[in-house]
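As given, the protein sequences belong to chains A and B, one line each in that order.
Per the working numbering, the first sequence runs over residues 3 to 256.
Per the working numbering, the second sequence runs over residues 261 to 641.
Everything labelled a hint here was simulated from the structure, so no lab data went into it.
Relax, there's no trap hidden among the hints.
The calculated lysine to aspartate or glutamate pairs, modelled on EDC-like cross-linking and capped at a C-alpha distance of 16 Å, are:
#1 A:K113 x B:E263
#2 A:K95 x B:E473
#3 A:K130 x A:D94
#4 B:K326 x B:E395
#5 B:K477 x A:D94
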Amino acid sequence: MDDKLVIEVKNVFKSFKAVQAVRGIDLRIPAGQFAAILGPNGAGKTTLVEMIEGIQEPDRGEIFIMGKTWKGDETYLRNIIGLSLQETHFIDKLSVWETLRLFASFFGIGKERCEEVLYIIALEEKRKAWVGNLSGGQRQRLALGISLLNKPKILLLDEPTTGLDPNARREIWTILRKLKEQLHTSLILTTHYMEEAEQLCDYIVIMDHGKILKEGTLTMLLGDMNDVPVQPVRTRKITLDDLFISLTGRHLDD
Amino acid sequence: MIERITNNQLYHLVMANIRELMREPGVLFWGIVFPILMSLGLGIAFTKKKDIITTVAVIGRNHLVKSPDDSASIIRNFLQINKAGTQISKNGGYSKTLTIRNDKMGNTMFIFQAMDWKHAMVLLKRGNLNLILDEKNGAVQYHFDPNNPDAQLAYLKLTKLFSTTGRIATASDTEIAPLTVSGTRYIDFLVPGLIAMGVMMSSMWGISYAIIERRSKKLLRRMVATPMKHSNFLIALITVRVLMNFVEAGLLFLFAFLAFDITIQGNVPALLTLFIAGNFAFAGISIFISSNTAKTEIGNGLINAFSMPMMVLSGIFFSYHNFPVWSIPVIQQFPLTLMADGMRSIFIEGAGFSEASVPIIVLSSIGLVFFVAGMKIFRWH
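For reference, chain A alone in the conformation it holds in the complex:
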């Protein structure tokens, strides 16, 4: 395996009963890269990320993280990965601070890092507030903060802004942009918001029906669109949605 790759997915398949969720995916994420897995609901994004997270096991194929696999190196991998699952509910009757301390204790991390994370996610004023009393955006920031506690080498975020209003979404983006500037963390983010992929990520993977349809940098992907007629013709900027329509005949949010 290439030493500079943090994640390498080789010909991975995964089915749930009759549903083929992931069908022969290959993916290579180099160190420090922010990658978006973009696709509509049911594209197989979450299944792919859960296999990278070690939550699901592939039916076929291999996944290497920092050159290691989940079998045999689980403890090491759990310590270097930070993740945020889709729609996790933390314990309502614990405060923000108590929740951070609880998860920090799993990594053997003390108060100082919790204070830093509280600052990063801008929830200092909500330190004593119960999780059950937080807004959706604040809960999502807390989930992001928990994923940052161990200063992860790899950050896996599954639809971190789904269901949030535009302001709350932008707050998450601000945190992630700062993270990109300050840390050499590799990020895989699943989303069905093309704007999120465009704004945050330097590599975009477009998925549908369990397969990768197209991947590359934003410039590369949109560059390929120059030969494709877009309606109305060239009166507006070409977007990833246009690319998705040209590939599938559907909109991303269909």
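Use these hints to put chain B onto chain A, whose structure you have.
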């Protein structure tokens, strides 16, 4: 040293469970206050004697109050000798009240109301009274439904009263020896059963439901995606629940001791060992129940499927010996029956380790078997 403890994951897991528990007022009410209220209510209902008030219709006002042209009346004469109190209601109704005092069996108050036959029948049909008295040919006549046990009892009491001439004999003069010593009362039977039932319900809901809810909310999945030790998660949950069970049982016992003078007649270390074995059994069952489902609706059903039959059959409120003979050996093997019977034998009969050893071993084995089986199929994701 303190920092090492406060950074320890088991410490934080235990604290998280304690905080969650203490911040839920409903848990404190149902776990601590409700069992105490139940023991208070049932203890008073079945332990303290209450006054029995019986209303009797007397046909004809002349049997209660004398008018110038009246002849002699057995009823009136009897009430006069025993100085029955007189009441006249606003609508002119006339009644006499006679209280037969009895310290041992409780007082009985007869209210003799004068009325005509038609009104008496209306009240009888409504269930407001069970017995109608009349006098014919110098004898008292009793009209009542012989299938009504309350009416029968009132009849038996009154026939005895009217057969004694002059003053009523009280039960203090008779040879009734009430069994109210510690260990023979209903409350002595009830409290050990309530403690055992509390352990079962608290474990089932506190452990099973907590695991299923965390799985359904993906919190379990999120936690095991960290280096958290799986065993620590379960140890914390069970430890907090057992501690809570100790507090609940301790407070219930303290209340029963203060209010009803309940004492432990047997070996206290044996009682504690049995209590821990019971906790272990129900913790194991709870882990098994919650091992695989992520749906709280299914969790509710499973918890009820395990706990309801035991609640009904294990003889917590009334002896299971009222059930068919063939079912009793089966009922006696239920974990709740084993725990309740074992605790009663120590509380009431003065049992020690030798008598409690069988339930302790069986309950521990049940806990172990269910725990191991549960862990085999446990779904962390």
